[in-house]
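Keeping their order, the protein sequence lines are chains A and B. For the first sequence, position 203 (counting from the first letter as 1) is numbered 202 according to numbering that gives the first Met the number 0, and the numbering increases by one without interruption. For the second sequence, position 234 (counting from the first letter as 1) is numbered 233 according to numbering that gives the first Met the number 0, and the numbering increases by one without interruption.
A hint or two may mislead.
Since the list gives no way to pick out one identical chain from another, each pair is judged satisfied if it fits inside one copy or across any two copies.
The list that follows gives simulated cross-link-like pairs (lysine to any residue, SDA-like), each with its CA atoms no further than 20 Å apart [to be verified]:
#1 Lys97 / Ser58
#2 Lys103 / Met383
#3 Lys404 / Asn370
#4 Lys386 / Asn54
#5 Lys404 / Val83
#6 Lys386 / Phe56
#7 Lys404 / Leu388
#8 Lys218 / Asn194
#9 Lys386 / Ser85
#10 Lys404 / Asn305
#11 Lys290 / His111
#12 Lys290 / Arg279
#13 Lys290 / Gly73
The hints are simulated quantities; they were obtained by calculation from the structure and are not laboratory data. Remember, it's a predicted structure, so these values are computed and weren't measured experimentally.
Protein chains: 2
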Amino acid sequence: MEMDSVIDGFLKFDSEYTEITYNNPYGPNPADYLSNVSHFQVIESTLREGEQFANAFFSTDTKIAIAKALDDFGVDYIELTSPVASEQSRRDCEAICKLGLKAKILTHIRCHMDDARVAVETGVDGVDVVIGTSQFLREYSHGKDMTHITQSALEVIEYVKSHGIEIRFSSEDSFRSELTDLLSIYRAVDKVGVNRVGIADTVGCANPRQVYELVRTLKGVVSCDIECHFHNDTGCAIANAYTALEGGAKLIDVSVLGIGERNGITPLGGLMARMIAADRDYVLSKYKLHKLRDIETLVAESVRVNIPFNNPVTGFCAFTHKAGVHAKSILAPPSEYEILSPSDFGLTRYIHFANRLTGWNAIKSRVDQLNLDLSDEQCQEVTMKIKKLGDVRPLNIDDVDSIIKDFHANVTTPVVRPVGINSDTAPRVPHNLERLDGNGVVARKLLGRRR
Amino acid sequence: MEMDSVIDGFLKFDSEYTEITYNNPYGPNPADYLSNVSHFQVIESTLREGEQFANAFFSTDTKIAIAKALDDFGVDYIELTSPVASEQSRRDCEAICKLGLKAKILTHIRCHMDDARVAVETGVDGVDVVIGTSQFLREYSHGKDMTHITQSALEVIEYVKSHGIEIRFSSEDSFRSELTDLLSIYRAVDKVGVNRVGIADTVGCANPRQVYELVRTLKGVVSCDIECHFHNDTGCAIANAYTALEGGAKLIDVSVLGIGERNGITPLGGLMARMIAADRDYVLSKYKLHKLRDIETLVAESVRVNIPFNNPVTGFCAFTHKAGVHAKSILAPPSEYEILSPSDFGLTRYIHFANRLTGWNAIKSRVDQLNLDLSDEQCQEVTMKIKKLGDVRPLNIDDVDSIIKDFHANVTTPVVRPVGINSDTAPRVPHNLERLDGNGVVARKLLGRRR
Ligand SMILES: [Zn+2]
Ligand SMILES: [Zn+2]
Numbered sequence: 000m001e002m003d004s005v006i007d008g009f010l011k012f013d014s015e016y017t018e019i020t021y022n023n024p025y026g027p028n029p030a031d032y033l034s035n036v037s038h039f040q041v042i043e044s045t046l047r048e049g050e051q052f053a054n055a056f057f058s059t060d061t062k063i064a065i066a067k068a069l070d071d072f073g074v075d076y077i078e079l080t081s082p083v084a085s086e087q088s089r090r091d092c093e094a095i096c097k098l099g100l101k102a103k104i105l106t107h108i109r110c111h112m113d114d115a116r117v118a119v120e121t122g123v124d125g126v127d128v129v130i131g132t133s134q135f136l137r138e139y140s141h142g143k144d145m146t147h148i149t150q151s152a153l154e155v156i157e158y159v160k161s162h163g164i165e166i167r168f169s170s171e172d173s174f175r176s177e178l179t180d181l182l183s184i185y186r187a188v189d190k191v192g193v194n195r196v197g198i199a200d201t202v203g204c205a206n207p208r209q210v211y212e213l214v215r216t217l218k219g220v221v222s223c224d225i226e227c228h229f230h231n232d233t234g235c236a237i238a239n240a241y242t243a244l245e246g247g248a249k250l251i252d253v254s255v256l257g258i259g260e261r262n263g264i265t266p267l268g269g270l271m272a273r274m275i276a277a278d279r280d281y282v283l284s285k286y287k288l289h290k291l292r293d294i295e296t297l298v299a300e301s302v303r304v305n306i307p308f309n310n311p312v313t314g315f316c317a318f319t320h321k322a323g324v325h326a327k328s329i330l331a332p333p334s335e336y337e338i339l340s341p342s343d344f345g346l347t348r349y350i351h352f353a354n355r356l357t358g359w360n361a362i363k364s365r366v367d368q369l370n371l372d373l374s375d376e377q378c379q380e381v382t383m384k385i386k387k388l389g390d391v392r393p394l395n396i397d398d399v400d401s402i403i404k405d406f407h408a409n410v411t412t413p414v415v416r417p418v419g420i421n422s423d424t425a426p427r428v429p430h431n432l433e434r435l436d437g438n439g440v441v442a443r444k445l446l447g448r449r450r
Numbered sequence: 000m001e002m003d004s005v006i007d008g009f010l011k012f013d014s015e016y017t018e019i020t021y022n023n024p025y026g027p028n029p030a031d032y033l034s035n036v037s038h039f040q041v042i043e044s045t046l047r048e049g050e051q052f053a054n055a056f057f058s059t060d061t062k063i064a065i066a067k068a069l070d071d072f073g074v075d076y077i078e079l080t081s082p083v084a085s086e087q088s089r090r091d092c093e094a095i096c097k098l099g100l101k102a103k104i105l106t107h108i109r110c111h112m113d114d115a116r117v118a119v120e121t122g123v124d125g126v127d128v129v130i131g132t133s134q135f136l137r138e139y140s141h142g143k144d145m146t147h148i149t150q151s152a153l154e155v156i157e158y159v160k161s162h163g164i165e166i167r168f169s170s171e172d173s174f175r176s177e178l179t180d181l182l183s184i185y186r187a188v189d190k191v192g193v194n195r196v197g198i199a200d201t202v203g204c205a206n207p208r209q210v211y212e213l214v215r216t217l218k219g220v221v222s223c224d225i226e227c228h229f230h231n232d233t234g235c236a237i238a239n240a241y242t243a244l245e246g247g248a249k250l251i252d253v254s255v256l257g258i259g260e261r262n263g264i265t266p267l268g269g270l271m272a273r274m275i276a277a278d279r280d281y282v283l284s285k286y287k288l289h290k291l292r293d294i295e296t297l298v299a300e301s302v303r304v305n306i307p308f309n310n311p312v313t314g315f316c317a318f319t320h321k322a323g324v325h326a327k328s329i330l331a332p333p334s335e336y337e338i339l340s341p342s343d344f345g346l347t348r349y350i351h352f353a354n355r356l357t358g359w360n361a362i363k364s365r366v367d368q369l370n371l372d373l374s375d376e377q378c379q380e381v382t383m384k385i386k387k388l389g390d391v392r393p394l395n396i397d398d399v400d401s402i403i404k405d406f407h408a409n410v411t412t413p414v415v416r417p418v419g420i421n422s423d424t425a426p427r428v429p430h431n432l433e434r435l436d437g438n439g440v441v442a443r444k445l446l447g448r449r450r
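In isolation and in its complexed conformation, chain A is listed as follows:
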């Protein structure tokens, strides 16, 4: 009887699911006739904004590994640090341009002819020009007035366009800029045929409806595409990106895990979660979401942070269910409580594993979540190790993960070698941090840890 109604419920659910998907309450708002929620593009800036993250020092190999992974994921653009930042930055920019990726390669320069000349020589598909237009930045950053700003912008734009590559003009700190100044410079650059104009919340304090209003206003002034860049100081970077798209912006700057200045910008994974809730078909048709976890792991290891426990989609608790809670909803279709489907991201539902261990199958669930491959017997073995340490002191998630990763490295090291690291010739204890790449960090760190 109970089971019957559950099965019956399931069938009903299936037919209703279609209807709900059709009338998706989280989808684009029909009143937003300029909305690009179903036509958005991503400018991936892990290798530009992300390089400004306090803990980021990318080697050439790491940059190439990240660029390839992002290209495979399906990002539309990859933005690189300015080639005038350093000799190495210039060489890395040229190297990435030569990879022949599907994604267009951009570099990010100041609004200055010296920078523009270097940039067009690197082989990039486009140049992102930025200049501070807020009163704060006019005073302290370069001290130029708006006429001068507009003049140098036009000069740079015409120069870059004459080389047949894309150009974006962006203001910095747009929400503290005078609206009339902003609009007049945007109109001027639009007239000379810039490909995109950009709005940037450089200080990370814009709010969603404010973003919508500015984008809608700008949309009435320019005919080119609008790109947006949101810092996350007040936790609104994903939501601001969404309302920008609703207002008619087309491109969103993101980085993996959101890494960047201070606590960063709109994260790639979080934006994907937001957008799949709005238009699943579009997102799945463009982006390989099942690669998200690997890309986040690659970048997290490169900058030596852990993926936050509460990270959208890939955080340990995003799809983790606590035993006993929602017993009923396990019988009912999972999407009753989960709009995001873990399988869309190549993930599964997990059960919590730490503290009061429910046994090796809970640990196996975490091994799976970490995307490591261990047999049932191996999971039982590592569970013994965890329990043993758990008797000595309380374990947090990172402790358990370390034990699992150590164990995994130990059992797999002789078999699997990441590309570029030869077990015979590579030093098992790396001194040259420059040469690290994402996978290398995992392998070598764990090798080191075995000592």
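Given the structure of chain A, go ahead and fit chain B with the ligands onto it with the hints provided.
Chain B with the ligands alone, transformed into the frame defined by chain A:
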């Protein structure tokens, strides 16, 4: 000459700062005449929603420590797990009610007389009633139709009110509920004098303008206060809270670090960052922001997670500057790039410390960020240890933190003992996880680690 213009700039900045503060671009929108951005209240649910976090198992002592810390911080309400959840939940609820806190104590029950009778006996100041009103939940969670829902809601409300305590009625999964169903039940409960009605984005997929619209619509139907509850599956929980306040909602549900079901709800700290950007005076007048880091540390240790590297305000990188970047902005006033002032949160600006160590003063900066107390000599000593391990293998932030915390525990253990842990009688290796409290976890974990 260079210095002159900097000093000149500084003076100009001061006078302009007043003007900018006055015309705060991130402040309440004057068009939102129902806005509660400058009158919001916080319902702190770490001890209810947070208890549903996969990794949360709070002992009575921990619950009391968290409740006291939240009360000291200045939260308006503290929400507790339903007393019918377990015998221990009921006793803990009674114990917290007896603490005599300034914050009002709420408990969260199903819309059922059995639950209501138990709740009013605990001594709470108010009861939060919740029921699923979406088609999904009507089908799978309790199978009741709207007439029945309304009837039982009215019975529970009148019963609770007859005991002279506050009552809130909330729907669950509000954004997937039929709008007419929602509004008619809200109007019914408002008529019988409920104190608040609640909107809940149970599945975490609502977006900011959608939230604004629903709140504005509801505001036209009820005269009582509106409370909102946002899950963070698509990273919009802070932004949704903000637009809800703009639309006229008054109370926001939060938890420390956002812990809760899946990846949680609006975080207390993130909301404070959002709101201080909008109305600094109001936030500073109500909440002890300088206690935020301690509360987050207490809760993080209790549920055995690390504070995410990119957490608003307290994450390692939120106020961390990379050496060499923004050299210019160090001369200019810091708020050119930072609207949020670290000093408002009792914090300071930090320099990055990991990887290519700039020396012991960088490590000292991290020691300070972790709120640990070490002398310059001790910082030099622990830096030696870090460099030594750094020669053996790459270190991530958590590695460095572990070394620092170990060192700190070692040098301070004989002197400082957290309340409730006596160094002579407490077992140095705890087996009874039930007895842990937040500070205890720090101390004992580190004791364990020394072995
Ligand atoms: Zn930026
Ligand atoms: Zn909830």
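Hints and how they fare:
1. Lys97 / Ser58: within (17 Å within a copy, 58 Å between copies)
2. Lys103 / Met383: For Lys103 and Met383, neither the intra-copy (49 Å) nor the inter-copy (45 Å) Cα distance is at most 20 Å.
3. Lys404 / Asn370: Answer is within: at 10 Å inside a copy they meet the 20 Å cutoff, but 30 Å across does not.
4. Lys386 / Asn54: The answer is between: 16 Å across copies meets 20 Å, while 33 Å in one copy does not.
5. Lys404 / Val83: So Lys404 and Val83 fail the 20 Å test inside a copy (39 Å) and across (40 Å) alike.
6. Lys386 / Phe56: Between copies, since 18 Å is at most 20 Å while 37 Å is not.
7. Lys404 / Leu388: both (15 Å within a copy, 19 Å between copies)
8. Lys218 / Asn194: Cα proximity of Lys218 and Asn194: one copy only (14 Å, versus 43 Å across).
9. Lys386 / Ser85: Result: close neither inside a copy nor across copies, 50 Å intra and 27 Å inter.
10. Lys404 / Asn305: both (13 Å within a copy, 18 Å between copies)
11. Lys290 / His111: Result: close neither inside a copy nor across copies, 38 Å intra and 45 Å inter.
12. Lys290 / Arg279: For Lys290 and Arg279, the Cα distance is within 20 Å only inside one copy (16 Å; across copies 41 Å).
13. Lys290 / Gly73: within (10 Å within a copy, 43 Å between copies)
When each numbered hint is compared with the structure, violations occur for hints 2, 5, 9 and 11.
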